[in-house]
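Chemist: Here are the chains, one letter per residue:
2 protein chains.
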Amino acid sequence: MSAVEEANEAFYRAFSAMDLDAMTGLWSRSERDVCIHPGWKILRGWDEIEHSWRQIFTGADALQFFVTDVSVRSSPELAIVTCIENMVSIARGQRVGSRIAATNAFARTGDGWKLVLHQGSAIAGQTEVADLEVGGEVH
Amino acid sequence: MSAVEEANEAFYRAFSAMDLDAMTGLWSRSERDVCIHPGWKILRGWDEIEHSWRQIFTGADALQFFVTDVSVRSSPELAIVTCIENMVSIARGQRVGSRIAATNAFARTGDGWKLVLHQGSAIAGQTEVADLEVGGEVH
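Protein chains in written order, with our numbering: chain A, 1 to 139; chain B, 1 to 139.
So here's chain A without its partners, still in its complex pose (with noise of 0.2 Å):
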C-alpha cells in the first residue's frame, strides 16, 4: 500500500473513532484547507474544518465506515484518492447507511502527506444500507 493510501485509511481510522485529535494531526492544517461534507457549503482554513468535526462527533453516537472503489492518482507533490464510503451512523438509536461519493487531496510535507481537501457527497437513492454487514471489513 503507497503512502498516500495509508493516509487515507487512516482518515476513515479517525473518522470512524470520532477521534478529533487523530483527524487533527491528518491535516495540513493551514488556511488553504479545504473540507466540503455532503450538503454543506465549502469550509476553507483549519479553524472552520476542525469546528465541522467537532459538530460531526459531538452529533452521532457511532459511526462505522467501509471504503471502496479507492483510486489514487499521484504526483510529486499532491495526490487525489477517490473512493465511496459505505457509512453507517447512528444517533440518538437510528441507524441509517449512506453511500458517499468522496475526493480527498494530500499534499506532502516534511511530515508525511496531509490531507489538504475533503469532499463527500450523497449518492442519490443510496441512503439505505440497513444489510450492510457491520463487523467484518467494516471498520
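Just so you know, the hints here were simulated from the structure itself, not pulled from any lab data. Using N, Cα and C, we set each Cβ at its ideal position, and we do this for glycine too. Any given hint might turn out to be false.
[What the hints assert, rightly or not] Cβ-to-Cβ under 7 Å is the rule here; a few derived chain A residues that face chain B: (1) S30; (2) I100; (3) A101.
[What the hints assert, rightly or not] No farther apart than 20 Å at their CA atoms in a straight line, the calculated lysine to any residue pairs in the SDA-like style are these: (4) A:K41 / B:K114; (5) A:K41 / B:T68; (6) A:K114 / A:E5; (7) A:K114 / A:G59; (8) B:K114 / B:E77; (9) B:K41 / A:T68; (10) A:K114 / B:G39; (11) A:K41 / B:V88; (12) B:K41 / A:R99; (13) B:K41 / A:D69; (14) A:K41 / B:S75; (15) B:K41 / A:L43; (16) A:K41 / B:I100; (17) B:K41 / A:F66; (18) A:K114 / A:L43; (19) B:K41 / A:K114; (20) B:K114 / B:E5; (21) B:K114 / A:P76; (22) A:K41 / B:S71; (23) A:K41 / B:R99; (24) A:K41 / B:W40; (25) A:K114 / B:V88.
We have chain A already, so just place chain B on it with the hints.
Modeler: Below, chain B alone, put in the same frame as chain A:
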C-alpha cells in the same frame, strides 16, 4: 489569471454552452479521469464521463453559471480548484436554481492543464436562486 484559473473558466464556458466538443477538449480523456455529478455515483474513465455530459446537455434547454469563491491550490503537475457554481438550468420550461460546491482537478500535460477530476455536490437549502441576476456576470 493563472493558466489553471483559465482552464477552470473554460470548463464553465463549455458547461454553460452545452458544447460537448469544447468539453471533450478540456479533459485529459484517460482511463483515470473521475467525474462525480451531484447525486451521481463515481464515473471513471473518459468513456463514461463523455456519456454523462451527453446526457446532461441533452436533458437541459439552457444552463447558466455564475462561479464564485474560486480558490486554487497548484503544484508542478497537479492543481486543484474549488468554487461555488451558482447555476440556473432551464428544462421543459422549468427554471431551477441551485448552488453547488465543486472541486476541479487539472493535470499539466504537453497540451496545457487538462481536467482529470470534477466533483459537484448540492449545497442543502440552496436550491432557490430564482432572484439570481441572469445576464451581467453570468456566462
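Chemist: All the hints need checking, so say for each whether the structure fits it.
Modeler: A quick look at each hint next to the structure:
The beta carbon of A:S30 comes no nearer than 10 Å to any beta carbon in chain B, farther than 7 Å, and the hint placing it at the interface is violated. Hint status for A:I100 relative to chain B: violated, with the closest Cβ pair at about 9 Å, above 7 Å. For A:A101, the shortest C-beta to C-beta distance to chain B is roughly 5 Å, which falls under 7 Å, so the interface hint holds. At roughly 26 Å between alpha-carbon atoms, A:K41 and B:K114 are farther apart than 20 Å, so this suggested pair is violated.
For the given pair, A:K41 sits about 12 Å from B:T68 by alpha-carbon distance, which is consistent with the 20 Å threshold. Distance hint between A:K114 and A:E5 is fulfilled; the C-alpha atoms sit about 12 Å from each other, no more than 20 Å. Between A:K114 and A:G59, the direct Cα distance comes to roughly 25 Å. Violation of the 20 Å bound is thereby established for this hinted pair. The suggested pairing of B:K114 with B:E77 holds, with an alpha-carbon distance near 11 Å, which does not exceed 20 Å.
For the hint linking B:K41 to A:T68, the alpha-carbon distance of about 12 Å falls within 20 Å, and the restraint holds. Taking the CA atoms of A:K114 and B:G39, the gap is about 27 Å. The hint is violated against a cut of 20 Å. Taken as a hint, the A:K41 and B:V88 pair is honoured in the structure, with Cα atoms around 18 Å apart against an allowance of 20 Å. Restraint check for B:K41 and A:R99: the C-alpha separation of about 9 Å stays at or below 20 Å, so the hint holds.
Between the alpha carbons of B:K41 and A:D69 the distance comes to roughly 11 Å, so the proposed pair stays at or under 20 Å and holds. This hinted pair does not check out: A:K41 and B:S75 have alpha carbons roughly 25 Å apart, beyond 20 Å. A threshold of 20 Å between alpha carbons decides the hint, and for B:K41 with A:L43 the separation of about 23 Å lies outside it, so the pair is violated. For the given pair, A:K41 sits about 8 Å from B:I100 by alpha-carbon distance, which is consistent with the 20 Å threshold.
For the proposed pair B:K41 and A:F66, the alpha carbon gap of about 16 Å is at most 20 Å, so the pair holds. Between the alpha carbons of A:K114 and A:L43 the distance comes to roughly 17 Å, so the proposed pair stays at or under 20 Å and holds. The straight-line distance between the Cα atoms of B:K41 and A:K114 is roughly 26 Å, outside the 20 Å bound, and the hint therefore fails. Straight-line distance between C-alpha atoms of B:K114 and B:E5 comes to about 12 Å, which keeps the hinted pair within the 20 Å bound.
This hinted pair checks out: B:K114 and A:P76 have alpha carbons roughly 18 Å apart, not beyond 20 Å. Proximity of A:K41 to B:S71 is assessed by CA-CA distance (about 14 Å); at most 20 Å being required, the pair is judged to hold. For the proposed pair A:K41 and B:R99, the alpha carbon gap of about 9 Å is at most 20 Å, so the pair holds. For the proposed pair A:K41 and B:W40, the alpha carbon gap of about 18 Å is at most 20 Å, so the pair holds.
Restraint check for A:K114 and B:V88: not satisfied, since their Cα atoms lie roughly 36 Å apart, outside the 20 Å limit.
Hints 1, 2, 4, 7, 10, 14, 15, 19 and 25 from the earlier list are contradicted by this structure; the remaining hints agree with it.
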